Amino acid sequence: MIYQQLINGLMLGASYALVAIGYTLIFGVLNLLYFAHGEIFMVGAFVGLFLVVYAGANIYGALAGAMVACAIIGVLSVFVAIRPVPKDRPLAPLISTIGLTIVLQNLAVYFIGGQQLAFPETIKQTLYHVGPVTVSSTQIFILGVAIGLMILLWLFIERTKMGRGIRAVAENHETAALLGVDVNRIILVTFIIGSGIAGIAGVLDGLKNSSISPFMGLSAAVKGLIVMLLGGLGNVPGAMVAGLMLGMIEILSAAYIGTTERDLFSFLILILILLFRPTGLFGTRTAEQR
Amino acid sequence: MFDGLIDGYTQSILIFTGISVIAAYSFFAPFKTGQVSLGQAGFMAVGGYASAVLTQKFGLPFAAALPVAGLIAGVVGVVVGFPALRIKGIYLLLLTLGFGEIISVIALSWDYVGGAQGYRNIPFNPRTLDYVIGIVIVLVIFFGRLERSSLGRAMDSIHQDETAAEVMGIDVVRIKLLAFGLGAMIAGIAGALYAHQATYVDSTTFNIMLAVEILTFVVVGGGSTFWGPLVGAAVLSYLPEFLRALREWLELLPVAMTNFFPANRVYDFLHGFLDFENAKRLIVYGIILILMMIVRPDGLLTRDTIPRLPFRRWKARHA
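Note that the protein sequences, when read in sequence, are chains A and B.
So that you can map any letter, position 28 of the first sequence is 154 in our numbering, and since no number is skipped, the others follow by simple counting.
So that you can map any letter, position 151 of the second sequence is 134 in our numbering, and since no number is skipped, the others follow by simple counting.
Just chain A, with the same shape it has in the complex (with noise of 0.2 Å):
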């Protein structure tokens, strides 16, 4: 029983690291709450959908063509909200996130209407069984992307140079761009990459619940926010571990303690993690200045 929900904590920790990581790249080299990163997450798992029933794509085709499609809207909306809005105000570019939010929702529930849609299985569904944990194929296959990503990820931030350079940024913008850094080019690099993430994210979520809507990306942003501050400010690392955490914490609280305080159990580490270690479990490089 305890091996089954550590799987299905496991699972959903996976989909909130991943919303998670593109939270906290934009974070980093912004300092911005990009408000509108779970409707990203949304639009993704739309995207996989249409790819799926109207394209007969199968699953990887689903994936990729998710990612680009998100990639291109986190693009965008640099070019939309984001760069023609001061930076000197904080609020400012916290608001047009949030009015880019409200468009992205509400686009989608003009095009799909405000119901939920079946997402289709893609995967041949077998059981395998591993002494007392049954598991399935299709979360094996979420297990297995989520985790190719995230490794993907560290290196590419670790070991390549456009990674040193979101680094760099994500330090400090001036010293980045005096040392020959593109720093427009590296928000650029960054959005791309988190939104493409959570395009992914959005189309394994699909395919874990069985079924999406035009308001799932209110919750995934605020549990994304959560998992951002859990693993510290802008540490991609963390967020991964974090992200792992918190599903587990979430689904343990849910089979042995009640699954309307599940919610209140995210909420609760999330002050206490405020008041008492603000620079999340694994710290930050710059918390003093936020």
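Every clue listed holds true.
Beta-carbon label-pair distances, calculated as ranges:
id, chain 1, residue 1, chain 2, residue 2, range
1, A, D308, B, L222, 36 to 44 Å
2, B, N104, A, V194, 46 to 54 Å
3, A, Y236, B, L(-12), 31 to 39 Å
4, A, Y236, B, I(-11), 28 to 36 Å
5, A, K287, B, L274, 33 to 41 Å
6, B, G72, A, L305, 26 to 34 Å
7, A, A381, B, I289, 54 to 62 Å
I should point out that these hints are in silico values taken from the structure, not numbers from a laboratory.
Keep in mind that this is a model prediction, so the values were computed, not measured.
Here a beta-carbon is modelled for each residue, glycine too, at the ideal position from N, C-alpha and C.
Based on the hints, put chain B in the right spot on chain A.
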């Protein structure tokens, strides 16, 4: 007071616009000291539920329950505001967001206040409009006086630079706590007014999107002057109605003016665009928020613009 003068539909629009204005001032009070709260919807929930319990379960009249509900929300505000003193910026935003969510989980799981069913049959208050107008007037006068008082100036200085304010001898802790508690109290009153107008509240009534909306009221209106929350909340709450009126005016155009190319295409486009359909209307709302932040990131009104408004110039010339 206005029973014979306006129809029920207009009356309900005025009431909800007024409640938005009150909620906007509840955000404005802590914001004056630089505290950005996404918890105002949570305080509205505290006030709304408190007043519902007081009137329905303890038989208090609304006029007595309203201030008590405000006080309860204010006390909760001080309790939340105390730990919130240690943190600022994005951390405070997240803390207050977490507070709002915890309140809604409590409302969902506490059966005494209806639990998942929601709180039903809250006594309807037929005089909400009178209360709303009265409270809005009091708030405008209060914040107008505050802006020119020493307390208001102390709040502004905390907003600009907390350390400098502290060095100047301002009791930063006390004033920030006072502002946060005051904001929570005003939010509680707004929530109580809402609950007795809608007669039904549940755990999703006062949600994050409401808290976000309250924040946009103040930022769009202008957070540096006491006119900002009034203008922002009134403009943004009335905007959907305005779009609708625009569509009706469009329909008044004579057919001869619009039945040839390209005017017919423009007409069809605008007519479809202003359709009073929720999703489309909200898309326009979102676009306006983005454009606002590009064109006027400090909000519609700032302290610099007010002396330059046309009627002010007129007044100065004729004084």
